[in-house]
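Q: Place chain P on chain B using the hints.
Protein chains: 2
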Amino acid sequence: MYFFEVAYWVMGMTVTIEEIKEQPMALEAVLEELEDKANQIGSLLSGASSCLFTGCGSSYYLGLIGAHLTNRTKLPSYAVPAGEMIVSPDSLPAVSPDVVIPISRSGESTETLSAVRELKERNPGSQVLSVTCNEDCSLRELSDVLVVSREGVEESTVATKSFSSMLAAIEYLSRLRLDGEAARDNFRGLPEDSRKVLDRFEKLSKEIGRRTDLEKFVFLGTGEHYGLALEAMLCVKEMSLTWSEAYPLLEFRHGPKSIVGENTLVVVFYSRPGGEKFDDLVKEVNSIGGETFVMGREENMEGLESNYRAEIPVRPEYTDLSLYIAPIQQLGYYRAIGLGLDPDEPRNLEQVVKL
Amino acid sequence: MYFFEVAYWVMGMTVTIEEIKEQPMALEAVLEELEDKANQIGSLLSGASSCLFTGCGSSYYLGLIGAHLTNRTKLPSYAVPAGEMIVSPDSLPAVSPDVVIPISRSGESTETLSAVRELKERNPGSQVLSVTCNEDCSLRELSDVLVVSREGVEESTVATKSFSSMLAAIEYLSRLRLDGEAARDNFRGLPEDSRKVLDRFEKLSKEIGRRTDLEKFVFLGTGEHYGLALEAMLCVKEMSLTWSEAYPLLEFRHGPKSIVGENTLVVVFYSRPGGEKFDDLVKEVNSIGGETFVMGREENMEGLESNYRAEIPVRPEYTDLSLYIAPIQQLGYYRAIGLGLDPDEPRNLEQVVKL
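Chain order of the listed sequences is B and P. The letter at position 143 of the first sequence is residue 147 when you use my numbering, and the numbering goes up by one with no holes. The letter at position 256 of the second sequence is residue 260 when you use my numbering, and the numbering goes up by one with no holes.
Pulled out of the complex, with its shape left as it was, chain B reads as follows:
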């Protein structure tokens, strides 16, 4: 069963796990970039009255998280998959966003580039603030400001450090709106916390990842944590070709709950709002035969009984989301190995989707 694992270590074919472990460096680098460009970003966002995030796949999920966070700063924001913007533009709200925020690891995704061109044409006054890992990309020439996560560049197809470092950038935008120049103080210590999380939960992630008796994974979150749930779903699916689903917290009861059985793990991203709604859900999943894995701040999960539990370091609001995804990336990796799959080369996929 662990043949692949041994083989990977011996042969050094561990691109994905190496990249997962490089998250602290990627975070450090992107925070430097954000400090450098804080003034540009701040002035671009300060005059905005509406904001549109777009991207594909993991980058769209980052956009969803961004829209939820930005709404909390009282700037009305939306996220739309870039593909929908080019195939069915008339079915989307006819908003004229002041700021368009495309997200693309490669900066080369055809749909995202087309969506930005289309949006610029429709709203000539709008400004473009892009987030990418690729300094010299086609997205650059469409952007007023380009935020680059230089150490987020990956060989792996599945997004790991690219996701968490671009996520920190997305969080930074909201903190800039709330704190101005003081934003950077709130991110102090994030790379160290990332290292702590990677070390602290590797054993747990490996334990769950190796449980090949588990057949179904469900990820639940509310608000910005729903975007995290989607990324967790996709990460586990791509790496280990596993049945995985994601829903907004309470939507789970309206049908999807039917799949819960003894081979099901329901992962709940705990967040402050929601209170007993989280606890009730966890109890219910256990009562119908599923297992539960909760992630959140210790203070929010007091007295809660679950099968697995990961306590995320306490940090200022909107600066800790990137810490939630690393244990799931590790879990997906070890599950792939346990199932005899190569996490470096997920089936059917390419790194960049060009049409």
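Among the hints, a few may not be true.
Treat identical chains as interchangeable: a pair holds within one or across any two.
As the list claims (entries may be wrong) - Pairs of lysine-lysine residues, derived as DSSO-like cross-links and limited to a Cα-Cα distance of at most 27 Å, are as follows:
(1) K124 / K78
(2) K210 / K287
(3) K358 / K41
(4) K25 / K207
(5) K281 / K78
(6) K210 / K200
(7) K281 / K124
(8) K281 / K358
(9) K358 / K287
(10) K25 / K220
(11) K220 / K207
(12) K287 / K25
(13) K358 / K207
Derived from the structure by calculation, the hints contain no laboratory data. Remember, predicted model here, so these are calculated numbers, not experimental data.
A: Just chain P now, with coordinates in the frame of chain B:
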């Protein structure tokens, strides 16, 4: 293998399949209701400048479809799960909708009722146009206009005729904005078309439903067809406890595609926009070993090669969506029977979710 099927017929325990077959009657009844209330609805919508749909599960998916259609009539619209509105309200766009459109089969879902109360409090000027199957429900007293699909009432937990009849009501709202009183002419013949679809595709749905070698179902659509894809995903999941997923058309390539193998059926809801993007996707799924099932108008699918195909009767725009879901409901039903499950009693679920 067909023991359950025989048993159900002999014992008359066929609530779900009976209700699937009652769709033409449910459509006829809801169209009468809509004609009766057309003036009220029309005047409520005519002055609106923004519109918010909400609901849970299948009703939220109806809201998503409604938002896409209403956007096409140039009225900016959004859909939000009712649960998110009560757990994470601050992470949602701070819009002040003139019209709130809650959808609830029972008119009693706790989250939907709470969301409507909350929205009315925040926007005292807004009006509430509700869609339900239950005449005497708690939603009534919160509504300015209540559209009731009287024949949509179901014994079954899985939504079938309730979904398609409330969907026709949602489509009617958009046609009213486009055509005024002439809207009803565009819906002429819909019950007959529904009967045709049920008869024409029962054999095909049974054939696919009985293919228990298929392990994964993926449903894809763009714009308003994405909401249909979500409902198809949920319907098959609830009835047959099957691995089923749904994505906006082009999002599928950005990761989820990895699950496609020889036991995978990808169902594509074809719609006019998109053109060759649909064809390319269908070809790609077949080339990586999956099977394909396309549904749409004959004229849109000319020359396309797929494993299965259902040609939906040609009708005026925004009056044919309810025809797409019936073959999937039949498929889910026959798959449940084939797997030895009772489609009338999906695991873990209740008809109405009250918190």
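Q: Next, verify each hint and record whether it holds.
A: Okay, the hints, checked on the actual structure:
no. : hint        : in the structure
1   : K124 / K78  : both (24 Å within a copy, 20 Å between copies)
2   : K210 / K287 : within (25 Å within a copy, 38 Å between copies)
3   : K358 / K41  : neither (29 Å within a copy, 49 Å between copies)
4   : K25 / K207  : within (14 Å within a copy, 53 Å between copies)
5   : K281 / K78  : within (25 Å within a copy, 37 Å between copies)
6   : K210 / K200 : within (16 Å within a copy, 54 Å between copies)
7   : K281 / K124 : between (42 Å within a copy, 23 Å between copies)
8   : K281 / K358 : between (42 Å within a copy, 12 Å between copies)
9   : K358 / K287 : between (44 Å within a copy, 16 Å between copies)
10  : K25 / K220  : within (26 Å within a copy, 33 Å between copies)
11  : K220 / K207 : within (21 Å within a copy, 31 Å between copies)
12  : K287 / K25  : neither (33 Å within a copy, 38 Å between copies)
13  : K358 / K207 : neither (38 Å within a copy, 39 Å between copies)
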